[in-house]
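The task is simple: from the sequences and hints, build the whole structure.
Protein chains in written order, with this note's numbering: chain A, 1 to 157; chain B, 1 to 157.
It should be emphasised that the hints constitute simulated quantities derived from the structure, not laboratory data. Computed from a predicted model, the values in this text were never measured in an experiment. Possibly wrong hints are sitting among the right ones.
What the hints assert, rightly or not - What the simulated footprint calls covered on chain A by chain B, stretch by stretch (three residues with Cβ under 8 Å from a Cβ of chain B suffice, anywhere in the stretch; the number is not a length):
(1) 20–29
(2) 105–111
Claimed, not checked - Here are some, though not all, of the chain A residues that point toward chain B, as calculated from beta-carbon distances under 8 Å:
(3) S100
(4) G118
(5) P156
For glycine and all other residues, C-beta sits at the position ideal for the given N, C-alpha and C.
Number of protein chains: 2
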Amino acid sequence: MDTVTIDGRTYRFDRAAREDVPTLVALLRDDVLGAGCEKSQVAPYDAAFALVDADPAHHLLAMRREDGQVVGTLQATVLPGLSRGGATRLLIEAVRVDRSERGSGLGSAMFEWAHAWGRARGATLAQLTTDTSRTDAQRFYERLGYEATHTGMKRPI
Amino acid sequence: MDTVTIDGRTYRFDRAAREDVPTLVALLRDDVLGAGCEKSQVAPYDAAFALVDADPAHHLLAMRREDGQVVGTLQATVLPGLSRGGATRLLIEAVRVDRSERGSGLGSAMFEWAHAWGRARGATLAQLTTDTSRTDAQRFYERLGYEATHTGMKRPI
Numbered sequence: 001m002d003t004v005t006i007d008g009r010t011y012r013f014d015r016a017a018r019e020d021v022p023t024l025v026a027l028l029r030d031d032v033l034g035a036g037c038e039k040s041q042v043a044p045y046d047a048a049f050a051l052v053d054a055d056p057a058h059h060l061l062a063m064r065r066e067d068g069q070v071v072g073t074l075q076a077t078v079l080p081g082l083s084r085g086g087a088t089r090l091l092i093e094a095v096r097v098d099r100s101e102r103g104s105g106l107g108s109a110m111f112e113w114a115h116a117w118g119r120a121r122g123a124t125l126a127q128l129t130t131d132t133s134r135t136d137a138q139r140f141y142e143r144l145g146y147e148a149t150h151t152g153m154k155r156p157i
Numbered sequence: 001m002d003t004v005t006i007d008g009r010t011y012r013f014d015r016a017a018r019e020d021v022p023t024l025v026a027l028l029r030d031d032v033l034g035a036g037c038e039k040s041q042v043a044p045y046d047a048a049f050a051l052v053d054a055d056p057a058h059h060l061l062a063m064r065r066e067d068g069q070v071v072g073t074l075q076a077t078v079l080p081g082l083s084r085g086g087a088t089r090l091l092i093e094a095v096r097v098d099r100s101e102r103g104s105g106l107g108s109a110m111f112e113w114a115h116a117w118g119r120a121r122g123a124t125l126a127q128l129t130t131d132t133s134r135t136d137a138q139r140f141y142e143r144l145g146y147e148a149t150h151t152g153m154k155r156p157i
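What follows is the structure in structure tokens.
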């Protein structure tokens, strides 16, 4: 699956390149929670991109519209482990769809792509966490078949 | 930090070896939820162990008592990513402490070790999910400074 066509518009499932980083950061920042978490300097993002890009366990997805603009992103990671019968998990982080594209089905297409990417690498279970205040996001994930079985906990270290 | 002494007993923070896998699986299985998730065959666990052990992004901890018995485990993973200013996360999975050792402070010691392991690899945020039915576990994580800010969602793929 290299492209998807929605309402006559074609989008390409690209692996993000370094020159996409500013656009990806703008997508992360254009969000009620992300606005407070993201920085104005570029250097930490370039460094983080280099770490993600260097490890084949990760795939930073850049959904590219026909005009070249990146309008969606997520980070997919395969996570091996002993539990659940030695199951490999697909971890999804940092999901964003450009405001102009929401409700179009692009987010669902990105998840279908991510599930296929994970399955091709042996994953049998997908997992993600979403801020409890994101009730719209939770409904979206439930429509995709996700169940809210777990409590997600974080702390600075 | 190679060892910790609690109530006069010393425990060693070992990286799990392949010969520890059966004991680690027994710890995973000896649990109200784990009992239904774990298999009787050994082969899938050996294969999963090989994947975890081969990648320096993961550390499968085996807490070894002075008598050689492994009585605690968790899997620590460093996860780079663009969000939160390009923050590297420490992901904690598959936490178990042997029934005979619960309430002793061993679990807290394992988390202190994991946080230090993550910080040494650049992580600034720790995250985990716990089944919502595990209210005791959630209280334990809250005592360690974790906040239940997120909803953890999963689906088979």
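(message) Of all the hints numbered above, which does this structure not satisfy? Sort the numbers upward.
(response) Hints 2, 3 are the ones this structure does not satisfy, whereas the remaining hints hold.
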